[in-house]
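Peer 1: Sequence lines, in order, name chains D and Y. In terms of our numbering, the first sequence has 77 at position 77, counting the first letter as 1, and numbering is strictly consecutive. Remember, our numbering sits 154 above the position in the second sequence when you count from 1.
Just so you know, the hints here were simulated from the structure itself, not pulled from any lab data. Treat the hints with care, as some may be off.
To be verified - Per label pair, the in silico range of CB-to-CB distance:
1) Y:G219 to D:H13: 28 to 36 Å
2) Y:N182 to D:D123: 40 to 48 Å
3) Y:S256 to D:K117: 35 to 43 Å
4) Y:E258 to D:S70: 34 to 42 Å
5) Y:E258 to D:S110: 47 to 55 Å
6) D:A108 to Y:G168: 38 to 46 Å
7) D:D40 to Y:A230: 45 to 53 Å
8) Y:D233 to D:H13: 58 to 66 Å
Note that the structure is a prediction, hence the values are computed from the model and not measured. Note that CB positions come from ideal geometry on N, CA and C, so glycine has one too.
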Amino acid sequence: MILLLRVDHRLLHGQVVFSWSSQLQPNCILIADDNVAKDDLRKSTLRLGKPQGVKLVFKSVKDSIGAINSGKTDKYRLMIVVPTVETAAILAKNVSQIKAINLGGTKATSQTHALSKMVNVTDKDEQLLKEVAALGKEVNIQAVPSDPKKILYK
Amino acid sequence: MKIYLLSHGKLASGMKSTIELLAGKQSNLIAFDSYLENGPDLLEFIQKLAKKHSPFIVVTDLLGGSVNRLALEKLAFKDVYLISGMNVALVLSLVLLDSEVSIEQIKQTVEVSKDTVKMLLPNTVNSKNAVEEDF
Numbered sequence: 001m002i003l004l005l006r007v008d009h010r011l012l013h014g015q016v017v018f019s020w021s022s023q024l025q026p027n028c029i030l031i032a033d034d035n036v037a038k039d040d041l042r043k044s045t046l047r048l049g050k051p052q053g054v055k056l057v058f059k060s061v062k063d064s065i066g067a068i069n070s071g072k073t074d075k076y077r078l079m080i081v082v083p084t085v086e087t088a089a090i091l092a093k094n095v096s097q098i099k100a101i102n103l104g105g106t107k108a109t110s111q112t113h114a115l116s117k118m119v120n121v122t123d124k125d126e127q128l129l130k131e132v133a134a135l136g137k138e139v140n141i142q143a144v145p146s147d148p149k150k151i152l153y154k
Numbered sequence: 155m156k157i158y159l160l161s162h163g164k165l166a167s168g169m170k171s172t173i174e175l176l177a178g179k180q181s182n183l184i185a186f187d188s189y190l191e192n193g194p195d196l197l198e199f200i201q202k203l204a205k206k207h208s209p210f211i212v213v214t215d216l217l218g219g220s221v222n223r224l225a226l227e228k229l230a231f232k233d234v235y236l237i238s239g240m241n242v243a244l245v246l247s248l249v250l251l252d253s254e255v256s257i258e259q260i261k262q263t264v265e266v267s268k269d270t271v272k273m274l275l276p277n278t279v280n281s282k283n284a285v286e287e288d289f
């Protein structure tokens with residue numbers, strides 16, 4: 001079961017670990033990103049913040065889609081964290097089990113505009129999110145579970 | 155259950171600010187910064203706590219420091235969980251506990267938070283920490 005697909009440029013950090021995982025009680029967290037999957041130092045730093053008793057898996061985007069669609073993640077309460085809107089959109093489009101994208105935090109750059117205090121997107125990101133919404137999936141902004149959820153597209 | 159953070163200086167209010175950034179607003183988390191110029195009096199605050207009837211948690215900074223000792227002396231006969239060594243992992247875990255928490259759960263939370271004080275460099279990256287997990 002996929003509990004959450006979250007976009008967060010900081011990936012696994014305090015907010016994600018403590019508030020989302022204590023609320024949703026996942027037993028497996030997947031970090032889907034091509035760069036992180038092959039970066040041993042980043043993987044070992046991310047493991048430091050892993051909640052107790054939760055499996056932490058790193059995979060490339062392609063391998064993530066393959067693993068979920070093969071059914072071998074079905075037995076888990078799975079939380080997926082990705083660093084970019086683009087990755088989230090690829091996952092959402094290719095995995096029918098994903099019903100929503102949660103926008104947690106993306107960095108501001110000269111190409112982006114703000115959707116909230118923490119969420120910044122490019123025009124292309126917005127286009128991708130609209131395409132995901134057109135598939136009947138929800139796109140929302142929510143930093144922590146105790147914040148009200150703002151639904152962007154549905 | 156209410157959690158009172160007591161510190162020398164502004165650690166308590168700073169801790170509350172950090173915890174709320176991580177876990178959202180916490181109405182049950184109350185910070186008291188002691189010994190600030192023209193600030194409220196710690197003894198009075200603790201005496202007020204001592205009059206409360208329902209159980210609560212008090213987290214102080216330094217073990218054996220004056221804040222910690224005052225809390226220990228004034229609350230010793232109360233239904234209180236008093237913990238020293240305030241840190242982010244400890245307070246985060248405490249705020250996320252259920253309201254119907256047992257003493258065993260609180261003890262375990264304290265033990266787990268102790269493990270988060272670690273020396274990481276040099277030599278963390280190649281340690282046993284680097285076990286690759288898969289589905």
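Peer 1: Which numbered hints does this structure break?
Peer 2: When the structure is compared with the hints, numbers 6, 8 turn out to be violated.
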